[in-house]
Amino acid sequence: MFSVGTFYALSVLQVQLPRLVGTSDAWSFAPFGAVCLGLTVGVATCASMIAQRGAYVTAASGTTLWGFAVIGAGVSLTRLRFESMLLCFLFGGVGVGWTYLAVVVMVGQGFPHLPLARSAIGPIGFSSGAATCFYLSCTLQLSAVDADRVGQALTLAGGAFIAVGGATQLLMPGSTNNGQCNSPKTSLSRSELFFSILLFFNALPGMTVFGAFAPLASYYADGKRGDDSMTLLLPYSMLALASGGVLAPTISAYLGARHAFVALLCLRGAFLVLLSQLEEESMLGLGAVLTILFAHGAGFSILPGLVKAQSTSPGLFLRSYGRVLVTWGVAGIVGCTLHTALSSISAAALVLGLFTSAFGILLHIIPSLGGEFLA
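Residue numbers (the working numbering): 1 to 375.
Simulated from the structure, these hints should not be mistaken for laboratory data.
There could be a bad hint or two in this list.
Stated by the list, open to error - Have a look at the derived ranges for each label pair, beta carbon to beta carbon:
hint, residue 1, residue 2, range
1, 171, 256, 19 to 27 Å
2, 140, 189, 17 to 25 Å
3, 362, 149, 12 to 20 Å
4, 282, 163, 18 to 26 Å
5, 156, 22, 34 to 42 Å
6, 25, 354, 22 to 30 Å
7, 24, 139, 40 to 48 Å
8, 148, 25, 36 to 44 Å
9, 344, 19, 16 to 24 Å
10, 341, 284, 21 to 29 Å
Each residue gets a CB set at the ideal place from its N, CA and C atoms; glycine is no exception.
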């Protein structure tokens, strides 16, 4: 989970692409969007992979595929081939999807009486992987090196991820039926449809932020646009994502799942709308970003338990949660499109704020909206 979680840190590469390969600012969001597109394929096909090869092998294969993709992206960057770099990240996104869902299954089976482990493994793993990348980007000062050096760094990172995937496959038991995915393929159920919509609105602000996290953090830390210097705000802000994952079960138990999501959605919406009107308020901007990250982690921690409650077997949970997670990648694609289309922090914040607030309000005033699925 640590290895594939590094894709949340792609914005440190994104801010350098106009300088390194001469692409436009709009196209610099494409690598994150390519990974998100691959992610939708990965989570959608993960259930079939686990049924054929087992959860351990699927997780290892996903991590290895992500490693090869990062190496390919590094080689492409060294040769200044932007299109082939996007293709590598597209295939890498498939590996991210495989690993994420397979690890959730593995942890759920290994710690059946610890639901916090199953729900928080994603936010903790992704936050630690992204934080490490952010810290290394600060230390290595990527803004001062050329495409060859950045490509070499990506190649080394990819090699490390392949080593992790290989070690996982060698050291973990190789059962061929870890996921017990023997349920027949069916169309989306009402619960899956509702949870897909809920996950989309929960993930949209966070994925939009991650798609442009480095320039956003630099802007609000330094109070001026265009400064791409990496500050310690980047790695430390990942604590908000991790803490959201850890504290989510407590919040859900205290408020109930429905009120927890209403609070998380409306809080982010209010922050973002306010931010769009007070663009120069750096502390408000930081508060909005950290709130988005916290709620992003919290939502991803609460949802697996809700989906599992509607599933009568481990195989059904795996297939259902894989379908629901498709909207995670869709949210990333929409977020990148939003950045490209609007080219404005305040405009993107206003659109996101209105969308998340509207869905949170609907969830509150219409009890029948997912009422039988949100305890």
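Hint check:
1. A beta carbon spacing of about 41 Å between residue 171 and residue 256 contradicts the range 19 to 27 Å that was offered as a hint.
2. At about 47 Å, the CB distance of residue 140 to residue 189 disagrees with the hint of 17 to 25 Å.
3. Checked against the hint of 12 to 20 Å, the C-beta distance between residue 362 and residue 149 comes to roughly 49 Å, which is inconsistent with it.
4. A C-beta distance of roughly 40 Å is found between residue 282 and residue 163, which places it outside the suggested range of 18 to 26 Å.
5. At roughly 24 Å, the beta-carbon separation of residue 156 and residue 22 lies outside the given 34 to 42 Å, and the hint is violated.
6. Taken as a hint, the range 22 to 30 Å holds for the pair residue 25 and residue 354, whose Cβ atoms sit roughly 24 Å apart.
7. Residue 24 and residue 139 have their C-beta atoms about 28 Å apart, which leaves the hinted 40 to 48 Å range violated.
8. Here the CB-CB span from residue 148 to residue 25 is close to 23 Å, at odds with the stated 36 to 44 Å.
9. The given range of 16 to 24 Å is respected by residue 344 and residue 19, whose C-beta atoms sit roughly 21 Å from each other.
10. At about 24 Å, the beta-carbon gap between residue 341 and residue 284 stays in the expected band of 21 to 29 Å.
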